[in-house]
Amino acid sequence: MQIVEKSAEGLSRVYGVTFAASLIATRTDAKIAELAPQLNIKGFRKGKVPVVHVKRMYGKSIMGDVVNELVQEGVEGAMTSNGVRAASQPDVTNLGKLAEVMDGKADLTFDVELDIMPDFTPADIQALSVTRPVAEATDAEIDEALAEIAKQSPSYEAKKGKAADGDAVVCNFVGKINGVEFDGGKADGSTVVLGSNTYIPGFEEQLVGVKAGDEKVLNVTFPAEYGVPSLAGQAATFDVTVVEVKKPVETKIDDELAKNLGLSDLATLKEAIKKNIEDQFAALSRQKAKRSLLDALDATHSFDLPPKMLAAEFDAIWAQVTQDKAAGNEDPEDAGKSEDELKADYMKIAERRVRLGLVLAELGRVNGVEVKDEEVARAIQAEAARFPGQERQVYEFFQKNPNAVASLRAPLYEEKVVDFVLQMAKVEDVKVSRAELESEDEVAPAADAKPAKKAPAKAKAKKEAAPAEEAPVEAAAEEKPAPKKKAPAKKKAD
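Numbering of the sequence shown is given in our numbering, commencing with residue 1 and proceeding in unit increments.
I should point out that these hints are in silico values taken from the structure, not numbers from a laboratory. Take the hints with a grain of salt, since some may be wrong.
Stated by the list, open to error - If you anchor each label on the Cβ, the simulated ranges turn out as follows:
(1) N178 - A435: 57 to 67 Å
(2) S12 - D65: 23 to 33 Å
(3) T26 - M57: 16 to 26 Å
(4) G209 - G179: 18 to 28 Å
What the hints assert, rightly or not - Derived pair list, reagent style BS3-like, types lysine-lysine, alpha-carbon separation capped at 27 Å:
(5) K151 - K274
(6) K151 - K275
(7) K270 - K151
Virtual Cβ for every residue (Gly too), placed ideally from N, Cα, C.
Can you build the whole structure from these sequences, using the hints too?
Written as structure tokens, this is what we have:
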């Protein structure tokens with residue numbers, strides 16, 4: 001293998017790679033000799049196929065594999081021999097005349113074009129100063145959350161007389177199509193809240209006016225878009241026996257409410273609410289500490305950026321801006337600006353994203369931060385859990401798509417680096433109110449070293465960019481199947 005540097009401008013490099021035709025022939029012959037004893041070809045005993053026959057039948061295909069291997073070796077060799085690290089995926093260009101290469105009449109030649117990592121020394125993370133706003137859950141906030149829980153947990157008591165809108169009807173029912181029961185259409189002691197629109201159209205409406213002990217046949221039609229194909233659009237009947245009618249009453253905030261939620265008493269419920277609020281506060285504190293850290297890192301690093309990486313980041317941002325504008329979601333800050341002004345603004349965002357992405361990557365590298373395979377496995381498991389009943393398809397998707405796995409690994413790596421740096425930096429906790437903690441005046445567009453969508457205009461007061469608070473698996477979302485719905489009498493199944 002011969003490697004020559006053909007171009008070196010800034011962080012861009014072009015290396016010319018040559019593999020002699022004789023090497024390709026030697027590698028091909030070696031592969032054929034290795035494969036021949038393993039082949040089972042009609043007319044020959046296994047392991048006795050002549051090498052000449054294998055070469056005649058499969059030579060071109062095997063040579064193609066050899067060429068692909070050599071191209072990969074050339075890409076890796078170009079970087080290794082020149083002592084550079086790629087900042088982005090190298091491109092193979094100017095591939096020589098493959099027809100002549102495959103005929104053994106020409107050397108394999110091609111160029112490797114890539115951006116290299118900029119040469120910079122990461123900041124001393126122990127010298128970084130970070131501000132972390134913190135807030136505590138107050139009694140008033142706990143009481144407010146309790147009141148909301150009570151509101152979302154309606155209580156009912158027995159009612160004499162007929163059921164009205166808003167009442168709960170406890171009933172037994174059997175669903176039938178053409179007089180035959182269907183799966184999922186039978187229930188005993190089911191509580192139907194009239195007017196909740198929980199059940200299919202017409203089901204709740206026909207129960208208005210019933211009273212305990214009544215028997216009634218409901219005539220309904222399943223929606224055309226119902227989740228179970230065998231029921232979609234079908235006319236059905238439900239034989240209903242009313243067990244009890246209940247009226248709504250104010251839910252009391254007491255031990256009984258806690259027990260209905262699976263807890264022992266009101267004190268335990270309050271503790272659970274307090275912990276939930278404090279967990280939310282901790283997540284917000286960490287998010288803002290991360291933003292403070294990124295600001296500090298951005299202020300302490302200045303270096304040339306890989307042009308291809310920068311161009312890709314800007315193109316992704318600009319495509320999103322253009323899409324938002326076409327959909328009528330233009331950022332108010334952008335109104336009245338020329339295209340050149342907007343591109344200048346968003347180029348600054350792209351520059352910050354790329355710079356911070358490189359800084360975090362380098363900090364992780366020099367400090368030995370790694371994402372373990374089991375962490376990626378847990379992330380895949382969590383992704384699969386979002387699609388009940390189709391977990392196997394999700395696992396298969398990630399098995400067949402290394403890029404999708406990388407899209408899960410990248411944000412995990414970034415967050416591990418951020419956590420590591422926050423542990424080492426000088427972090428000052430500043431007590432703030434809940435309103436201050438939840439304020440979004442500093443929220444920035446999501447961005448790691450990859451493209452990401454810009455934040456909604458209402459959620460940011462100035463254009464900035466920081467590595468992603470979360471990184472969606474766009475490729476997986478595009479290709480994964482949607483979860484199927486279950487099919488009881490209810491309008492929609494969770």
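Cross-check of the supplied hints:
The hinted window of 57 to 67 Å between N178 and A435 holds, with their beta carbons roughly 60 Å apart. Under the hint 23 to 33 Å, the C-beta atoms of S12 and D65, about 31 Å apart, fit the expected range. At roughly 20 Å, the beta carbons of T26 and M57 sit within the given window of 16 to 26 Å. Hint check: G209 to G179, Cβ distance near 26 Å, so the stated range 18 to 28 Å holds.
Taken as a hint, the K151 and K274 pair is honoured in the structure, with Cα atoms around 18 Å apart against an allowance of 27 Å. Taking the CA atoms of K151 and K275, the gap is about 20 Å. The hint holds against a cut of 27 Å. Restraint check: the Cα-Cα separation between K270 and K151 comes to about 16 Å, which is no more than 27 Å; the hinted pair holds.
Checked against the numbered hints listed earlier, the structure breaks none of them; every hint is satisfied.
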